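We have chain V; now place chain L onto it with these hints.
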Amino acid sequence: MLLPVEWIPKNPTLDAYRKLFTIRNFGTSILNSFYVSIFCTILRLLCASMAAFALTKIKFRGSGMVFALYLTALMIPAQVTFIPLFIVMGKLNLLNSLNAFLFLQFFNAFAIFMLRQKMLTINDAYLEAARIDGAGMWRIFFQIILPLCPGTLATLAILSFMDLWNDYLLPLVLLTDRANYTLPLILNSMQGQFSNQYNLMMAGSLISIIPILIVYICAQKYFKEGLTVGGVKG
Amino acid sequence: MKHTRTSGFRVALPFLIPSLVGFLVFSVLPIIATLLISLTSWDGLSQLTLAGDFQGFMQQHFIGFQNYIDIFSGSELYQVLLNTLKFVVLYIPLMLVVSLCVASILNSKARGVGVFRVVYYIPVITSWVAGSLIWKWVLNPQYGILNSMLASIGIQGPQWLQSSQWAMPAIVLASVWKDMGYFGLMLLSGLQGINREYYEAAAIDGAGKIKQFFRITLPLLTPTIFFVLIISLINSFQIFPQVVIMTPDGGPAGSTMVMVERIYKYGFKYYEMGTASAFSWILFLIIMILTFVQMKLQNKWVNYDD
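In order, the protein sequence lines correspond to chains V and L.
Residue numbers are given in the working numbering: position 150 of the first sequence equals residue 150, and the series is strictly consecutive.
Quick note: to get the working numbering, add 234 to the position in the second sequence (first position is 1).
Don't read these hints as lab results, they were simulated from the structure.
Heads up, a few of these hints could be off.
Said to hold, decoys possible - Covered stretches of chain V, going by a simulated chain L footprint (3 or more residues, C-beta under 8 Å):
| no. | region |
| --- | --- |
| 1 | 28-42 |
| 2 | 47-53 |
| 3 | 85-94 |
| 4 | 145-154 |
| 5 | 200-212 |
What the hints assert, rightly or not - The following residues of chain V were derived to be distant from chain L, with all beta-carbon distances above 12 Å:
| no. | residue |
| --- | --- |
| 6 | Asn11 |
| 7 | Lys57 |
| 8 | Gln117 |
| 9 | Ala179 |
| 10 | Met190 |
Stated by the list, open to error - The calculated DSS-like cross-link candidates involving lysine-lysine, where the alpha carbons are at most 27 Å apart (straight line), are:
| no. | chain 1 | residue 1 | chain 2 | residue 2 |
| --- | --- | --- | --- | --- |
| 11 | V | Lys221 | L | Lys412 |
| 12 | V | Lys221 | V | Lys118 |
| 13 | L | Lys343 | L | Lys412 |
| 14 | L | Lys445 | L | Lys530 |
| 15 | V | Lys224 | L | Lys343 |
| 16 | V | Lys221 | L | Lys343 |
| 17 | L | Lys343 | L | Lys499 |
| 18 | V | Lys91 | L | Lys503 |
| 19 | L | Lys412 | L | Lys320 |
| 20 | L | Lys320 | L | Lys445 |
| 21 | L | Lys530 | V | Lys118 |
| 22 | L | Lys412 | V | Lys224 |
| 23 | V | Lys91 | L | Lys499 |
| 24 | V | Lys19 | V | Lys118 |
| 25 | V | Lys59 | V | Lys118 |
| 26 | L | Lys343 | L | Lys503 |
| 27 | L | Lys499 | L | Lys320 |
Owing to the predicted nature of the structure, the values given are computational and were not obtained by experimental measurement.
For every residue, glycine included, the Cβ atom is placed at its ideal position computed from N, Cα and C.
Bound-form chain V, shown alone (with noise of 0.2 Å):
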């Protein structure tokens, strides 16, 4: 019953790796997956940036009450907002769109959290300068905030792309259609068609870890940073 195990293989080939790109959609899905993750990583990180620039460095009644309402959020898992994003997306006419998870950035509570921390230690004096210089708040928010927040916008955006990257559960209730789908979905979808060729599904998932894996041997201590910080994820 039991096979014994070939810690060593006899004979190592990377068949499966030419196989895998012969299954349908394989390749789609991980353009697919990087087009999802890269923009909106970017758009995640500019929308909160305003949001936290917002918060910090203008004055105004009620934005204390804002944060706070922001912050209940963190509180919302997202697996119970599932069925109404569902109904929302598909009244916006983005289901089985991969632009529906660009709509879905523009509020995201832990990275304004974690901007707005950055920004409150950014000195008053700057912005100070810059206004009586003549420069306006889009000029000053681009060119002398966004530019002081290297380090926590790096950890944000490593975080924001491997989440994105990864994500398995919104994915499966928005895309319908296997040509939309991202890698993870492919990924999983295999498992029916090749239940018990491991060598393909090894591979397969190798593959999918590949582009992770890269970023965080360049850049492991932003992995590490986002993650202890509260001990909350996004």
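What follows is chain L alone, placed relative to chain V:
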């Protein structure tokens, strides 16, 4: 000289618009909509007109608390909670011990730690889909490494994912593998916060390594351990990818049915949006209660640290 205004809501608004819209449309609206849908028998297929013709929609589908009554009087919720409890009871102690080991290894200056420092974190950055597929292979009763290893020391391994008894423990094993780096890192920061002088003093007094661990490390680490405990408890109620990928359809004899899996199943397989939404709100309330407990305790820990 021209001065730009730097205060007031009108100045802030352009910067806040994306996050406000996102917050309202994708956080507030869904949670309210879930509550409303949970009071209906809506099947997800007929038109949903909560905005346009709210009254008409509610008149047609409103059934009050019937979904909740059905859930609480049926056996499924209790099975789900029992399965979650099984997960919690196995996962949390095992995860704590393993991540404490991870943290201790990272904290030591022994040889070979350099490689470990890089490797231990790889499960955390791996997607659950890849992780689950790897574990399905590891746990395969015939071809898997785990049973082969058990066989080599004379133990006949169980059927793991195909057995109603062992499916949940198998998911626990995979989850510990996935999370040990994350929690290990958290515990490491706790370990590094402990003053080294305590150990030096203890060593001079003749306390051995084991005694040092139980008398110094563990007590001083309790704030971090509590934190890890609550976070992992909250996460335990939300497990999903590993469960549906490793054991589709609730596992053998429903032994791995869990909250999110039920929400997904009712919503997108049975098209019973009302039931799915009711399950969502039950989950939401559980998470909220746990989060409040966490916040209450967190305030205490801050004082503890001072």
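Hints and how they fare:
no.: 1; hint: 28-42; verdict: violated (count 0)
no.: 2; hint: 47-53; verdict: holds (count 5)
no.: 3; hint: 85-94; verdict: holds (count 4)
no.: 4; hint: 145-154; verdict: violated (count 0)
no.: 5; hint: 200-212; verdict: holds (count 8)
no.: 6; hint: Asn11; verdict: 17 Å, holds
no.: 7; hint: Lys57; verdict: 8 Å, violated
no.: 8; hint: Gln117; verdict: 16 Å, holds
no.: 9; hint: Ala179; verdict: 19 Å, holds
no.: 10; hint: Met190; verdict: 8 Å, violated
no.: 11; hint: Lys221(V) - Lys412(L); verdict: 19 Å, holds
no.: 12; hint: Lys221(V) - Lys118(V); verdict: 17 Å, holds
no.: 13; hint: Lys343(L) - Lys412(L); verdict: 24 Å, holds
no.: 14; hint: Lys445(L) - Lys530(L); verdict: 32 Å, violated
no.: 15; hint: Lys224(V) - Lys343(L); verdict: 20 Å, holds
no.: 16; hint: Lys221(V) - Lys343(L); verdict: 19 Å, holds
no.: 17; hint: Lys343(L) - Lys499(L); verdict: 49 Å, violated
no.: 18; hint: Lys91(V) - Lys503(L); verdict: 20 Å, holds
no.: 19; hint: Lys412(L) - Lys320(L); verdict: 18 Å, holds
no.: 20; hint: Lys320(L) - Lys445(L); verdict: 32 Å, violated
no.: 21; hint: Lys530(L) - Lys118(V); verdict: 25 Å, holds
no.: 22; hint: Lys412(L) - Lys224(V); verdict: 15 Å, holds
no.: 23; hint: Lys91(V) - Lys499(L); verdict: 22 Å, holds
no.: 24; hint: Lys19(V) - Lys118(V); verdict: 47 Å, violated
no.: 25; hint: Lys59(V) - Lys118(V); verdict: 17 Å, holds
no.: 26; hint: Lys343(L) - Lys503(L); verdict: 52 Å, violated
no.: 27; hint: Lys499(L) - Lys320(L); verdict: 21 Å, holds
Consistency with the previously given hints fails for numbers 1, 4, 7, 10, 14, 17, 20, 24 and 26, ordered from lowest to highest.
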